[in-house]
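**Q** Respectively, the protein sequence lines represent chains U and B.
Residue 175 in my numbering sits at position 175 of the first sequence, with consecutive numbering throughout.
Residue 171 in my numbering sits at position 171 of the second sequence, with consecutive numbering throughout.
Hints are supplied without guarantee of correctness; some may be wrong.
Claimed, not checked - Estimated spans, in silico, between C-beta atoms of each pair:
1) ALA49/B with ASP44/U: 36 to 44 Å
2) GLY343/U with HIS171/B: 49 to 57 Å
3) GLY87/U with GLY128/B: 27 to 35 Å
4) HIS171/B with GLY358/U: 52 to 60 Å
5) GLY312/U with ARG194/B: 22 to 30 Å
6) ALA50/U with ARG34/B: 51 to 59 Å
7) GLY176/B with SER217/U: 40 to 48 Å
8) ALA245/U with GLY3/B: 50 to 58 Å
What the hints assert, rightly or not - Pulled a few chain B residues facing chain U out of the computed Cβ check, cut under 10 Å:
9) GLY20
10) LEU110
11) ARG158
The set of hints was computed from the structure by calculation and includes no laboratory data.
Beta carbons: idealized from backbone N, C-alpha and C, even for Gly.
What follows is each chain in one-letter form.
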Amino acid sequence: MLTGPNGAGKTNLLEALSLLVPGRGLRRARLTEISRRIASDDPDHVRPWAVAARLEAGEGAFEIGTGLDADGAASGDAARRTVRIDGETARGQSALADRVAALWLTPDMQRLFTDGSSGRRRFLDRLVYAFDPAHAGRISAYERANRERARLLRDAAEARRAADPAWATALEDTMAERGVAIAAARNELLRRLNPACAAGIGPFPAAGLAIDGTVESWLDDAPAVEVEDRFRAALASSRAADGAAGGAVTGPHRSDLAVTHLGRGLPAAQCSTGEQKAVLVSIVLANARLRAADTGSVPLLLLDEIAAHLDGARREALFAEIRALGAQAWMTGTDVALFAPLGNDAAYFTIEDARIVGASIETGTMLQGAFS
Amino acid sequence: MPGTEIERLIQLLARLPGLGPRSARRAALHLIKRRESLLQPLAEALSAAAEAIRVCPVCGNLDVTAPCAICTDERRDPGLICVVEEVADLWALERTAAFAGRYHVLGGTLSALDGRGPEDLNIDTLAGRAADPAVTEIILATSATVEGQTTGHYVAERLAACGVTVTRLAHGVPVGGELDYLDDGTISAALKARRSI
Numbered sequence: 001m002l003t004g005p006n007g008a009g010k011t012n013l014l015e016a017l018s019l020l021v022p023g024r025g026l027r028r029a030r031l032t033e034i035s036r037r038i039a040s041d042d043p044d045h046v047r048p049w050a051v052a053a054r055l056e057a058g059e060g061a062f063e064i065g066t067g068l069d070a071d072g073a074a075s076g077d078a079a080r081r082t083v084r085i086d087g088e089t090a091r092g093q094s095a096l097a098d099r100v101a102a103l104w105l106t107p108d109m110q111r112l113f114t115d116g117s118s119g120r121r122r123f124l125d126r127l128v129y130a131f132d133p134a135h136a137g138r139i140s141a142y143e144r145a146n147r148e149r150a151r152l153l154r155d156a157a158e159a160r161r162a163a164d165p166a167w168a169t170a171l172e173d174t175m176a177e178r179g180v181a182i183a184a185a186r187n188e189l190l191r192r193l194n195p196a197c198a199a200g201i202g203p204f205p206a207a208g209l210a211i212d213g214t215v216e217s218w219l220d221d222a223p224a225v226e227v228e229d230r231f232r233a234a235l236a237s238s239r240a241a242d243g244a245a246g247g248a249v250t251g252p253h254r255s256d257l258a259v260t261h262l263g264r265g266l267p268a269a270q271c272s273t274g275e276q277k278a279v280l281v282s283i284v285l286a287n288a289r290l291r292a293a294d295t296g297s298v299p300l301l302l303l304d305e306i307a308a309h310l311d312g313a314r315r316e317a318l319f320a321e322i323r324a325l326g327a328q329a330w331m332t333g334t335d336v337a338l339f340a341p342l343g344n345d346a347a348y349f350t351i352e353d354a355r356i357v358g359a360s361i362e363t364g365t366m367l368q369g370a371f372s
Numbered sequence: 001m002p003g004t005e006i007e008r009l010i011q012l013l014a015r016l017p018g019l020g021p022r023s024a025r026r027a028a029l030h031l032i033k034r035r036e037s038l039l040q041p042l043a044e045a046l047s048a049a050a051e052a053i054r055v056c057p058v059c060g061n062l063d064v065t066a067p068c069a070i071c072t073d074e075r076r077d078p079g080l081i082c083v084v085e086e087v088a089d090l091w092a093l094e095r096t097a098a099f100a101g102r103y104h105v106l107g108g109t110l111s112a113l114d115g116r117g118p119e120d121l122n123i124d125t126l127a128g129r130a131a132d133p134a135v136t137e138i139i140l141a142t143s144a145t146v147e148g149q150t151t152g153h154y155v156a157e158r159l160a161a162c163g164v165t166v167t168r169l170a171h172g173v174p175v176g177g178e179l180d181y182l183d184d185g186t187i188s189a190a191l192k193a194r195r196s197i
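Isolated chain U (complex conformation):
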């Protein structure tokens, strides 16, 4: 439990933890934006930064170090995140997915059901990562091929000629292969997650999840190999339209997640803010429960300002479920009283001005270091 006034650095710590899994973390910040800023700095000056953590999982303890090194800081937006596992530099962020799973809920995500589809797609894919570590690598390969193809088609359109057909075909082949694997992994997740979500968890509403996506729906009535061919053919025939649109007009990067509040029979977007948050919590807990049953390990839960918008009964049920899962959950809030039902089951840290000023247990050097 991290409590403290606004701007103390509570979410900052959650963001650091969210970088232990692939992706841009819970704020979706660029690497250079995570850098520490000092008012007297030249605004373009980027400092290197790092997150170091020692984790314990089934197979023993290991260390993760990740961040922006000095070379990366000098290269600006082209920089890539360095990942080290037990001191060895990993080939990419995907290596993290093999080791750690984390799920988070932030105040921003209250708009998840009403905002554009990209946030829901990322949320869905993050749920998949917890079961299928290769999903992160597949998505980055697919997105890279899609960007490459968009550039190829755009350059050709600007030069008023057709794109090199052999090159476009080669990229479409990668997109078809990875895209169908992405769609299949999403479908598989929903097949398993839906029964858990439909049961509901205590006072949290039962939810129904569906994917609104062309490739995902093709997989309902044809084997993956046929769908690959179909997607490949669709891409080949829409090159002109895709070039004008700046990317493929169909594909798993356009899919959307549709969530229904089963108790009310309404799309989640039409429920109240509090209900929407409860639906999100319900999905995240169901996913954590499913993973615990499946792999014996529970993802890290990062719950930012979780108590806001939840009534007392739901707060208590959330804490009880976290206890039952045996999950490590990091929660933030401005008012410690809201977390009273946790009693002595939680460690409490008071944070002020980016420092831990009070703790209910002895803090390890690693946690202190994260703030100094």
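For this one, chain U is given, so just place chain B on it according to the hints.
**A** Here is chain B on its own, set in the frame of chain U:
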């Protein structure tokens, strides 16, 4: 503040792959401290290399002769050409001593985002070599990355008209690998590429 010569040395070293400004400074100091035993021999080796090393006009390999020693080696099978991205990949294959054909170095991978198109790679020369009736098989040994696969696929399309057999390296279970520890992608690639024994 280091003098201009030292500063220039550090700046050049910092441009080497894997070296940042800090490690370049350390390397420069290390070299200067070992002027006789390291700095001068290195300077001579660099100058000799700049003078002598040629790019093979046939395959793109680096050697002191042109064509390179591999292209002129009579014991190697001229019917087999192994296509690699970079000279480093050619060296990796040579270390295995498992391949007795010849090579073709593309000089990189296709990347629209980095502005590297087919005309920037040695693909036309490969098509020319593949048209020779003495060539029976082209083996694509590009990396199993998105760029490597795209490039391999592209080369295969370009060579389709030559009528030559085009194969690619197998993707799958590594030697000494345990199935339980492999990712799903590798296992499904291995299943697709299975063969009878």
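**Q** Give me the numbers of the hints this structure contradicts, sorted from smallest to largest.
**A** Going through the list in order, the structure violates hints 3, 5 and 6 and respects the others.
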